[in-house]
Structure formats: C-alpha cells, structure tokens
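Engineer: Top to bottom, those sequences are chains S and X.
The first sequence begins at 1 in my numbering and counts up one residue at a time.
The second sequence begins at 1 in my numbering and counts up one residue at a time.
Take the hints with a grain of salt, since some may be wrong.
What the hints assert, rightly or not - Straight-line alpha carbon distances no greater than 25 Å define the calculated PhoX-like cross-link-like pairs of lysine-lysine that follow:
(1) Lys17/S x Lys27/X
(2) Lys87/S x Lys120/S
(3) Lys105/S x Lys120/S
(4) Lys149/S x Lys27/X
(5) Lys51/X x Lys117/S
(6) Lys149/S x Lys51/X
(7) Lys149/S x Lys29/X
(8) Lys120/S x Lys45/S
(9) Lys22/X x Lys51/X
(10) Lys120/S x Lys26/X
(11) Lys87/S x Lys51/X
(12) Lys29/X x Lys17/S
(13) Lys105/S x Lys63/S
(14) Lys117/S x Lys27/X
What the hints contain is simulated information worked out from the structure, not anything from laboratory work.
Residues per chain are reported as follows:
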Amino acid sequence: MGRLHNLTNALVVQLYKHLPWLSERWARRHRFVETEGIPWVPMRKPLRETVIALATTAGVHLKTQPPFDMDDPNGDASFRVIPSDVKAEAVVITHNYYDHSAADKDLNVVLPLDRLKELKTEGRIGGIAPFVYGFMGHIDGPHVDTLVKQTAPEVARRLMRDGAEAVVLTPA
Amino acid sequence: MGLLQRAIEAEGIPTIGITLQKEVTKKVKPPRAVYLRYPFGHPLGEAFHVKQQRTILLDALQALETITEPGTILEPGYLWRRHRFE
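Throw the hints in and build the complete structure from the sequences for me.
Structural biologist: Written out as structure tokens, the structure is:
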C-alpha cells in the first residue's frame, strides 16, 4: 500500500513538473483556506539597509534534524531552524511531493543563500538574519490549523527576535 | 507558503513570496508575490545558473520596495529555459 502510494505520488510529481497547467487546473478545483483581508506592513528603510531573512516550504532541513513526516498524507506543519551560514553539504530535502533533483544539486534553486550573501557583499542589502526557517509545504487537513495557529506565528515571532526586517519566502 | 507569509507580515515584518502557482496565490492572498511560470521545484530557476537566480532574487527584494498595493502579484514573464539573463 505504502509502495503503491509512493509510486503514484512519484508519477504525479513528474506529471506536474512537465505540465504546469495541470497545477492551475488543480488549484481552481481544490479548496484552499480562503482568506479575508491582507496583512500589510511597509518597508521601514531602503533595501540596502534592511536585514533579510529567508523562509522556505521546500522541505529543507539539516541532516542532523529529524526529517519531515512523509507517511502522513496530510503532511507535516512543523519547522526546522537552519543557521544562515550553513554549508550546502549539511542540508537535505525531505519532500516527496515535488521533484527536487535540481535543488539537491544546487540548494540555491530553492534556498538562495549564496546569492543573498553576494548581494550583502555588494551592499545591495543591509544584512542576513541568522536563521532560515524550513517547512515542508505539503500541508492539508487538520495540519492547516496547526500551521495557522501554532507553527507559522511561532516562526513569525522568532524572525522578529532574530532581527529580520524583511522576509523572502520560497516554495517547493 | 502564503499562510506562513501572512503570519509573518501580521507579526510586523514586510514579506515577499516567490510563487509558481498563481491560482493558489490569488486565493491565499499574501501581501506581495512574484509569479514565475516555472516548473515546481525551481523557484529561483535552474541549478548553477547564477545570473538567473540572482535576477529572480533581486526581483523579489526590489518588489518589497516597489509594491504598494497589498495583494499585488508581479509577473516578470521569464520564459523557462529561454530567457537570457544578463
């Protein structure tokens, strides 16, 4: 059963990779959390003075951290704290719902830490926040509630404590 | 991802999300987004394409300053594997 599920999933992952319009069709039919209003805070200073943090839902975590739960069909709403100066060799991607072969070769495809460091060196941004927050973006059913009420606000508070002044989010 | 983004913005930090799924983003309504018609797993483009990754990251960062209307989705319109990044 588990094996069949994995095979079916692998097939779907490839279909969606090669036929992007499938996901648009799926999105129109799938029920999402429809949200009211849009939270908004303006940038307080120019980009060149702003400390930037990265957060990703691409399933990135340290090899020493527990992987995201791939057995629960509703996904996993937990997060992993990754130091921003991490070496690419120290991280791994656990996320069976997309093809991460490109990101496995070059982490910057989903988490552009090297590019961000270059922009810091050039003075295009003010700084890089000390931690990256890694989620596994396949979250459904009861875990949506966990994300919205617990783990997402917790990461937001942590980012505030980290001194992040703007956040760039990257998906799977 | 949009729900996480909304939570961060609600805490008081400006956010920008790169999205590969415009329909989802329209429904979840994050404060600012950059949409690319790229395959899943490639929000910054192709592996080892430094110019491409840099351009997309800069697009996202600059959108933090240029977007003034909540819910805006910017579309740079890069063609997957065809756009020449300088």
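Engineer: All hints, please: hold or fail.
Structural biologist: Here is what the structure says about each hint:
no. : hint                : result
1   : Lys17/S x Lys27/X   : 22 Å, holds
2   : Lys87/S x Lys120/S  : 17 Å, holds
3   : Lys105/S x Lys120/S : 23 Å, holds
4   : Lys149/S x Lys27/X  : 19 Å, holds
5   : Lys51/X x Lys117/S  : 14 Å, holds
6   : Lys149/S x Lys51/X  : 38 Å, violated
7   : Lys149/S x Lys29/X  : 17 Å, holds
8   : Lys120/S x Lys45/S  : 16 Å, holds
9   : Lys22/X x Lys51/X   : 24 Å, holds
10  : Lys120/S x Lys26/X  : 31 Å, violated
11  : Lys87/S x Lys51/X   : 21 Å, holds
12  : Lys29/X x Lys17/S   : 24 Å, holds
13  : Lys105/S x Lys63/S  : 15 Å, holds
14  : Lys117/S x Lys27/X  : 33 Å, violated
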